[in-house]
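Asks: Sequence:
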Amino acid sequence: MEARLKTREEAIAADARHRHAMERQVVRLQGEANGLRARLASALAAKAAAAASKAAGPAGEEHTAPASPQARREARAASLRLQREVVDLWDALRRSDEELRALQGSPPASPHGPKRGPPHAKGQRAAAEPG
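Under full-length UniProt numbering, think of the first position of the sequence shown as 1, with each following residue one higher.
To be clear, the hints were calculated from the coordinates, so they are not data collected in a lab. Ideal Cβ positions, reconstructed from N, Cα and C, are used throughout, including at glycine. Be careful, since some hints might not be right.
[Said to hold, decoys possible] Each computed SDA-like pair below joins lysine to any residue, with the alpha-carbon atoms no more than 25 Å apart:
1) Lys-6 / Ala-16
2) Lys-54 / Gln-83
3) Lys-54 / Ala-21
4) Lys-6 / His-20
5) Lys-54 / Ala-33
6) Lys-54 / Ala-41
7) Lys-54 / Pro-69
8) Lys-54 / Arg-81
9) Lys-6 / Val-27
10) Lys-54 / Ala-77
11) Lys-54 / Ser-42
12) Lys-54 / His-20
13) Lys-54 / Ala-67
14) Lys-54 / Glu-74
15) Lys-6 / Gln-30
16) Lys-54 / Leu-44
17) Lys-54 / Ala-71
18) Lys-54 / Arg-72
19) Lys-6 / Val-26
20) Lys-54 / Gln-70
21) Lys-47 / Arg-37
22) Lys-47 / Ala-16
23) Lys-47 / Ala-77
24) Lys-54 / Ala-38
25) Lys-54 / Ser-79
26) Lys-54 / Gly-35
27) Lys-6 / His-18
28) Lys-47 / Ala-33
29) Lys-47 / Leu-36
30) Lys-54 / Ala-43
31) Lys-54 / Arg-19
32) Lys-47 / Gly-35
[Claimed, not checked] Estimated spans, in silico, between C-beta atoms of each pair:
33) Ser-79 / Arg-101: 29 to 39 Å
34) Lys-54 / Arg-17: 50 to 60 Å
35) Glu-10 / Gly-31: 23 to 33 Å
36) Leu-44 / Leu-103: 53 to 63 Å
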């Protein structure tokens, strides 16, 4: 009877050691899972931020200056080319409006150009023109 009792106590002790080892492994694996979740969340946030900054691109509000002086010169030259192109397009639109008025027999446009203008001038025109 004592032998059975001793065997049973040894089995209980072995089970307790095994359970304790399993509990330690559960804690370790939970910590690892939490770490992986945190890394995944961080990676997703970084990916979302990269996608947002990539989507913002030239139309976004956040701009970064090119690193080298050569790149800055090239960016400025491209900007000036685009500005000239916009001015030329508005001039062509003005000429087209004048030609249309001439063909329709309407009075010539005011010396300040047609009523429509570049987008940045809308607020200034609205303040200058009554109602």
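Asks: Enumerate the violated hints, using their earlier numbering and listing them in ascending order.
Replies: Numbers 3, 5, 9, 12, 15, 19, 22, 23, 26, 31, in rising order.
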